[in-house]
Each structure stands twice: as C-alpha cells, then as structure tokens.
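**Student:** So you can see what is in the structure, the chains are spelled out below.
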Amino acid sequence: MACIHRITAEGAGPMNKCQRCPKQATLHITEVLGEDRFEEVHLCEDCAKKYLYEPQKKAAAAKSAEVLGEGDEPDAVGEKQCEACGIKFVEFRNHGRLGCPHDYDAFKDDLLPLLESVHGDTKHTGKSPRRLPRAKGAQLELAQLRRQLQQLVTEEKYEDAARIRDRIKDLEDSA
Amino acid sequence: MNLDSLLPNLGEWLRGTGPESDVVVSTRIRLARNLVNYPFTNRATHHQKAEIAGRAKEALVKADLPYKLDYLDISGLSPLDRQFLVERQLISRELAAVLDGPRGVALDGKESVSVMVNEEDHLRLQVLRSGFSLDEAWQDIDRVDDALEARMTYAFHQQFGYLTACPTNVGTGMRASVMLHLPALGLTKQIDKVFRALQKINLAVRGLHGEGSRAFGDLYQISNQVTLGKSEPKILNEIREVLQTILQYERQARAALVKERKQAEQDRVARAIGTLGSATMITSEETMELLSAVRLGIHLNLIDDLPATTVNQLFIHTQAAHLQKLMGQPLDGEERNAARAKYLRSKLRELGSHQR
Chain A
0 MACIHRITAE GAGPMNKCQR CPKQATLHIT EVLGEDRFEE VHLCEDCAKK
50 YLYEPQKKAA AAKSAEVLGE GDEPDAVGEK QCEACGIKFV EFRNHGRLGC
100 PHDYDAFKDD LLPLLESVHG DTKHTGKSPR RLPRAKGAQL ELAQLRRQLQ
150 QLVTEEKYED AARIRDRIKD LEDSA
Chain B
0 MNLDSLLPNL GEWLRGTGPE SDVVVSTRIR LARNLVNYPF TNRATHHQKA
50 EIAGRAKEAL VKADLPYKLD YLDISGLSPL DRQFLVERQL ISRELAAVLD
100 GPRGVALDGK ESVSVMVNEE DHLRLQVLRS GFSLDEAWQD IDRVDDALEA
150 RMTYAFHQQF GYLTACPTNV GTGMRASVML HLPALGLTKQ IDKVFRALQK
200 INLAVRGLHG EGSRAFGDLY QISNQVTLGK SEPKILNEIR EVLQTILQYE
250 RQARAALVKE RKQAEQDRVA RAIGTLGSAT MITSEETMEL LSAVRLGIHL
300 NLIDDLPATT VNQLFIHTQA AHLQKLMGQP LDGEERNAAR AKYLRSKLRE
350 LGSHQR
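Order-wise, the sequence lines are chains A and B. Per numbering that gives the first Met the number 0, the first sequence starts with residue 0, numbered consecutively. Per numbering that gives the first Met the number 0, the second sequence starts with residue 0, numbered consecutively.
Read the hints as simulated data drawn from the structure, not as lab findings. It cannot be assumed that every hint is accurate.
Stated by the list, open to error - As a list, the in silico EDC-like pairs of lysine to aspartate or glutamate whose alpha-carbon atoms are at most 20 Å apart:
#: 1; chain 1: B; residue 1: K233; chain 2: A; residue 2: E115
#: 2; chain 1: B; residue 1: K233; chain 2: A; residue 2: D120
#: 3; chain 1: B; residue 1: K56; chain 2: A; residue 2: E171
#: 4; chain 1: B; residue 1: K56; chain 2: B; residue 2: D134
#: 5; chain 1: A; residue 1: K168; chain 2: B; residue 2: E119
Said to hold, decoys possible - Footprint (simulated), chain B over chain A, 3 or more residues, beta carbon under 8 Å:
#: 6; segment: 91-100
#: 7; segment: 105-119
Ideal placement from N, C-alpha and C gives every residue a C-beta, glycine not left out.
Next comes chain B alone, as it looks inside the complex (with noise of 0.2 Å):
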C-alpha cells in the first residue's frame, strides 16, 4: 500500500457525516487481544516478537472479511509516514515510535478497520466510524474479531475473560470512545461540570490522541475506563445514555449563543476565517482553536458558504506530517508554520473564488 494514496482522502473518521454529526466527529471501538503461549509483548523476545507478527500477518491478510486488509510493517516505514498514520487516528504514537522489534498495522482501504500488532498487547483491533455509531463500529469489530479468532488463538481466562498486558484492559478487552466537539460548553464555562459528572461514573475524558495528550480546538474523547464484570452492550449503553446528556447540553449551549450573541459570534467567526486566510505564520494549536470556530459557525448557520467536510480537510492536512508530504519535503516547526499558512490562504483563496 502506497500511503502517499491515502492523502487526498479523509478517512472514515474525518467524512464529517453519519448520526449527531454536528457535535459527534467519531467513534471508535477498540479490543485488546493476546495470543496464548507467548508472553506479553513488552516481555517478548525479538525472535517471539517476529513470531507473532508472523502468525498475526498470515490471519489478517487471510481473514474472512469482505474487505481485504493490507499489512504495513513499521519499521519497515520512515518516520514520517508512521506519524501520518498517527494523525490519521490509525496507529498510536507508541507504535509508531516508542516500541521497538517486529511489529505492524493492518488497514482495510476506507480506513475504518485497523489492527495494530505487538502494541501493548499482541493485537489492538480498532474499527472508526463517522458520527455517533456505536452498534455499527461494534458490529465491525465483532466481526473482525471473530475472523482472526478462527486463525489464532486467543489468551481467555475463565474467569477473567480477554487476557492483557495490562490489569487494566482485562476482560472484554474492549474501549469504546467517542470524539465530540463540544464549543458551546467550552464557551459558557460548562465543560468541567460535564466532565466532573463522567469521572464520577467512570467514563475518562481526554484529548485528540487519546492518552495524556491535550483537549486541542474543542474536541474531547470519552471512553468507558471498566472493562471487567459488563458485557460489550451494557458497556457500550452506558456510554450511549451519558452521550444523550452531553448532545443535549452542547446544543443548549449552541441555542444560548445564537439567541443571546449571535452578533458577537458571527465575529468571532468570521475573525476566525479571517485569520486563517491572512496568516502567514500559524501553530498546529492555533489552526486548531480557529478551525474549531469555524466548525461551530457552520453548524450555527452563522456561515454558509463553507462545508463541514472542509474544515475536517483543513484539520488533517495541517498537521505536521501531512503538511509535510502535501510540500513533498521536510520541514522544521518555524517553516512548518509557515508552510500551514501557506496552505491555509492558498485553500481559503481558492474555497472564496469558486464561490463567487
């Protein structure tokens, strides 16, 4: 797979489509899975570690899906594609760069299904799907799962169900997440109030790149932290239900706004385009926090001649490794800026022109 093919494209989680849309970018399921009579990966040998990708290849590329999924060995991939991969949601960062020895990703072609192997565990299947889609991503992965079962098989404890690395993943194995933008509530100072009432009943709440990283341009995951003692649909309804509460409080919050400061938002917005359109320098931080305005003006019907899809293409195509393989050359973080920018006035220019 040549992954410079995958630029053009936004992925399945980028569409900017599917239910609750306007406040729901995402979801994603993931599953935790080891193969039994190996160690763990972190205590697995180079020789195993080849071993179980070997094993972990042969079931990917023969599983019974309707899709074929296509195996990248990452070492095998320079650093700038892995951190491609990573801003396209479809390898962790510590696959791409803090793990070391065999390992791999396999990808079906919308970029839904990915399987990374010898991560924390030997297999962390992941299935994306635009918008709220928790049955659909759950049936995905069901599906996927079952398909390497029947080539490899699996650590399964009676008792403790799914083994993993980590006590904290054992039983399903299962990290069901969904990626909101929520705006309205980092607006009218809501969102810690939001975000105390999850912790209390043990969903986490984190950033774009999941853990540890930074709430960057509004957008917030939430996950289920239990995966022992609830089955996958009770986990995955527990998640449904608190999500009814946050769609319904954000778009209060939108209401307020337009019915309280539409003036004051709609210049908010339109700043927002203004800057992005005129800078000749900008952070990845900055792009981020304006396009996140953007994001809400559209849905606010305070703009009309920008698509949602487009300011989803904005969002990927200025992160770092992107923005680095659009140049077609290599570039520190000062010409990073100025090379966003760039690609920023010349993409806004050129959206302003067809308009017209």
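Okay, chain A solo, but in the shape it has when bound (with noise of 0.2 Å):
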C-alpha cells in the first residue's frame, strides 16, 4: 500500500531531491510494508510513475523486509475486495485513491496504520452533519442489506434478494 502526496514547491529546500535522479522530488511516497512499518520514498514525477508500476520488485521488497513474517502469502491483503464497489486493494495501493466510502470499513485495518502515519490520529474530531443521525442510521441499514443481498445471491435465494434489493432501492432514492 502506498499513500502519496505532492509536496514542496520549488523554493522549499535542497533536501528534497528526487532519490533516483538528480532532479526535484515532487512526491512523498509512504509504503506500509507491513503491520506498523514504512518506508519513506521521495521522487520526482517521471520516476514515480516508473516506481508506481513496479509491482513485483514492490511485492519482493515487502517480502523481504517480511522475511521473519507469516509465511508465503504476499499479496492476500492486496486480494482483499470491497463488496460494494469492487475495488481490490492492490488498485488502491498501486493508484492512491479509494473507490467508495464503504472501502474505509471495507479495508479498515489495512488503513488504520496509513492514517495514524499519515495524521498521526485515527478518530475524527471537529465538524459532523447536522442530519447525521437520519444519515447515519439510513447508511448503516444499507450496508447491512448490501451484504444480505450478496448473501442471498450466493445462496442462490432469489426472491429474498429481489425484496432486499428493492429495499435499498427505497433507501437510496430516499437518501
């Protein structure tokens, strides 16, 4: 997993040259390699593309910096999908962007340790919606049936799933 951002201008300092070339860095590229450990990279632009599409040394990297770690499966976390938009979070990882709101739950503890190292905090303070409680009852019900209906789809269980999804059809269009 990687999290990236743009960072300095031009007039921020000589001590952000690009690791791999002797132009500026641009992008500060955080890599959790595992549970509670990352690597720091910065780049400039053309060579972080090049980094960004470097899956296997990546995966190789992670691995070897693993190498007292669980065993022989690398990318069981990068496998991992979100059921309500279908991102894997090898996608996240190689582009930087989630696909829906529902990856924060989806891909929760994947994150946990990219937000404490990004914000240095998990829980957010400051400004909620002044409707939250409405809101927020209505999402949780429709995650909730979201995962019903992929339950009843799998059990092959036709006519329960044809009510659920009607039901998150009401919810949706009353949201």
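Join these two chains into a complex; the hints should help.
**Tutor:** The following block contains the structure:
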C-alpha cells in the first residue's frame, strides 16, 4: 500500500532531491510494508510513475522486509475486495485513491496504520453533518442490506434477494 | 454567466486588501465532500457522474445562501475559458484539463466561493478571501457546507469523519492555506530555514498554483497536512500561530533591507519597472519575478506612484489565458511573450501619464 502526496514547491529547500535522479522530488510516497512498518520515498514525477508500475519489485521488497513474517501469502491483503464498489486493495495501493466510501470499512484494518502515519491519529474530531443521526442510520442499514443481498445471491435465494434489492433502492432514493 | 465579464475584475483573492496584506496575499479554505451511495469520482461511471452532477447542481443553485451561485458545466467551456478559471484560482488544473465526464463548478459573483463538482471528490468547496482571513473564510465555507448538506447526504463515518477518495484528506476534509509574498526572506536566503521549520510541524509549502507547482515571484502557499484527529478551529489556530512567526521574519528581513541596502533595493525596483515598461518580449515567469520586486518596492515605500492593486492587475492579466482574452485571439508561446510585453508597456505608460 502506498500513500502519495505531492509536496514541495521549488523554493522549499534542497533536501528534497529525487532519490533516483538529480531532479527535484515532488512526490512523497509512504509505503506500508506491514504492520506498523513504513518506508518513505521521495521522487520526482517521472521516477514516481516508474516506481508505481513496479509491482513485482515492490512485492519483493515487502516480502524481503517481511522475511521473518508469516509465510508465503505476500499479497492476500492486495486481493481483498470491497463488496460495494468492487475495488481491490491492490488497486488502491497502486493509485492512492479509494473506490467508494464503504472502502473505509472494507479495508479498515489495512487503512488504520496508514492513517496513523499520515495524520498521527485515527479518530475524527471536528464538524459533523447536522442531519447525521438519520443519515447515519440509513447508511448503516444500507451497508447491512448490501451484505445480506450478496449472501442471498450466493445462496441462490433470489426471491428474498429481490426484496432486499427493492429495500436498498427505496433507501437510496430517499437519501 | 459570461466569463468575459470577469476579465476587468481582480477577483476576491487579488483585491490586495485585508489584514496583513503587505505579506499575505490571500487566504483559502477548501472542504472535500462526497455523496453517500455513490462510488468516488475516479470509479464512477459516466452515468453516475451525470447523476452526481445533476444532484449537486440542483443543491448549489437552490442553496439557502445570501448570494446566488451560478453553475458552469466544464465540458461546455472552451479550453481557453477553463484555463482562465484556473488562473483565477476558481478551478483546479485537474478539473480543467485532466478529468473527463460530467463535471462543473459553481461560483458566486464576487469570485469568493467556488464549488467544484466531480473533481477528485464529488464536491470540493472553496472560499477565497483577500489578506489573512482564516476566521471569515471558515465562517463562509461552514455556511456553504451546511447549505449543501441540507439538500444532499454526505458520506460521513462515525470514526473517520467526512470520507474522501484519498485517505490524506479524510476527517475534516479541510485544507486551509495562505498565500504569502516572501521576497525579503528569499533575498536574504532565509527562506529554506523557514520551510524546514514548517515541514517539521506538518505544514506543507507549495508554489502559486498548488500541488506540484513552482514558486514563481516569491509567492508561496502554506497549508495544513493533517485532516484527521484535529478539529477545524485547532488546525486554523496552528496555521495562525505559525503565520505570526513568518510575518515577523519577513518584516524583519524587509526592515533590514531598507536599513542596510536601501539604494541597491531602490535600484532593483527601478530596473524591474524599467524592464516591464520597455521589453518587447517577456515570459510569464520573468514578469512574475519583476512584479515581485515592484510589489516589494511598494511595501517598502521605495516607489509611491504605483498602487499595489495595479501590480495584482498586471499579475493576473499577463497570464496566458487572460492575455489571450484581452487580445481577443489565440496566441502561441512566442506571440504571447510579445503580446505580454506590449500589454505591460502600454499599461505602465498609461499609469505614468496619469501621474504626471
């Protein structure tokens, strides 16, 4: 998993040279190698593009770093998928963008260390929507219904599934 | 809204007034918001983006605010108009030229409020204020946010706050930034020191056009990085505190310049005006560098016949899209350099004749 920010302007000082070429580093990449272990990379735009298309090398690096770790499932995390939007964790890792709001729950365990490293915290404080209680209830119900729907489809209980689907639609329309 | 009608105006952020305006050009706050029950923009289908844009447009034009918001469909704008909005800081380069599909921006008449639709997040609310004005900017954007939230349901998480496409924005979804003109710190080679201190406390420094852009004309933007775990007022306070220190450093450096090498500075400013008023080809970068010297000269009282707002006007009008609109025709790079020089010559001559 990688979290990417653009950082400095040119005036921001000499300490941000690209680690692979003489150009100025404009991207700051935080790689999450495993539980609570991170690697920070500073690269220019071009090198960063190349870097991000190096999945094998990155997986290998992660694996070698994890050599004392849990055996040979290097990318079980990457294959995790959000049931709401279908994005795989590896896609987020490669592009730095999540697919839908539900990903924060679907990938929660893997996002927590990243949030901790970027923000130094994992709990929001501050403004919340005024209409929160109602909206939150509906969101929770929707998430539950979606999971239920998937379960029913895999069990081939299509009539029940259709009922749930209609309920989801109603909730979505009223939102 | 006819965009050409904005051309003679300076827009809120270049008004050149407001608190601490000798150093702080403008204050900006943006909020990232997403609608519940849709994928984020990068994963939304064309159809979903159209739906999001439709809902957002309705909420924006009906929003209960003391002013009206006009909604512009970006795909309906020419590349020149889009660039024009980028130069006026009303939309991002991404919304203008990188992203595709249904997307738009809503603007108020003063160019203080803008809401981008289907940028990286479904909604990117922005408020611009002239000078150092974090509290007012926060009050403004908080109100816009409430007005929109009354008509749309945001994706909000009990633990993580406002959910965003990139986890670096999650929580408050707020990025507050101040644009600073720091020529004296640059001249006295203290600027790197200031920035290293800033990065240690998690504030980011960027050039004029935000992420990844260069710092032209001694203009820098300072903004918060952290969006999760700190409340909006707390984040704003941290920026406010740091800013007091930077203001103090820049003003000290300016005072030292006047004290120790007034003559040399006077000469530098006079030469800058000379070049601006007589060049026949000039790039946008050089223009910004020279205008930076002139702006400093005004605040050091080394010149008294040029108002600061004129510098701002020259600054915005000499950017590519503005220049082409003023000249009424598309111009390539070389032609722009000639047109820019011509514009500057005639403007400065006009000013000179007014004064005498």
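**Student:** Each hint needs a verdict: does it hold in this structure or not?
**Tutor:** Status of each hint after checking the structure:
1. B:K233 <-> A:E115: holds, 18 Å
2. B:K233 <-> A:D120: holds, 14 Å
3. B:K56 <-> A:E171: Holds - the C-alpha atoms of E171 (chain A) and K56 (chain B) are around 19 Å apart, at most 20 Å.
4. B:K56 <-> B:D134: Distance of about 27 Å is beyond 20 Å: violated.
5. A:K168 <-> B:E119: violated, 26 Å
6. 91-100: holds (count 7)
7. 105-119: Holds: 6 residues of the segment 105-119 of chain A have a Cβ under 8 Å from chain B.
Checked against the numbered hints given earlier, this structure breaks hints 4, 5; the rest are met.
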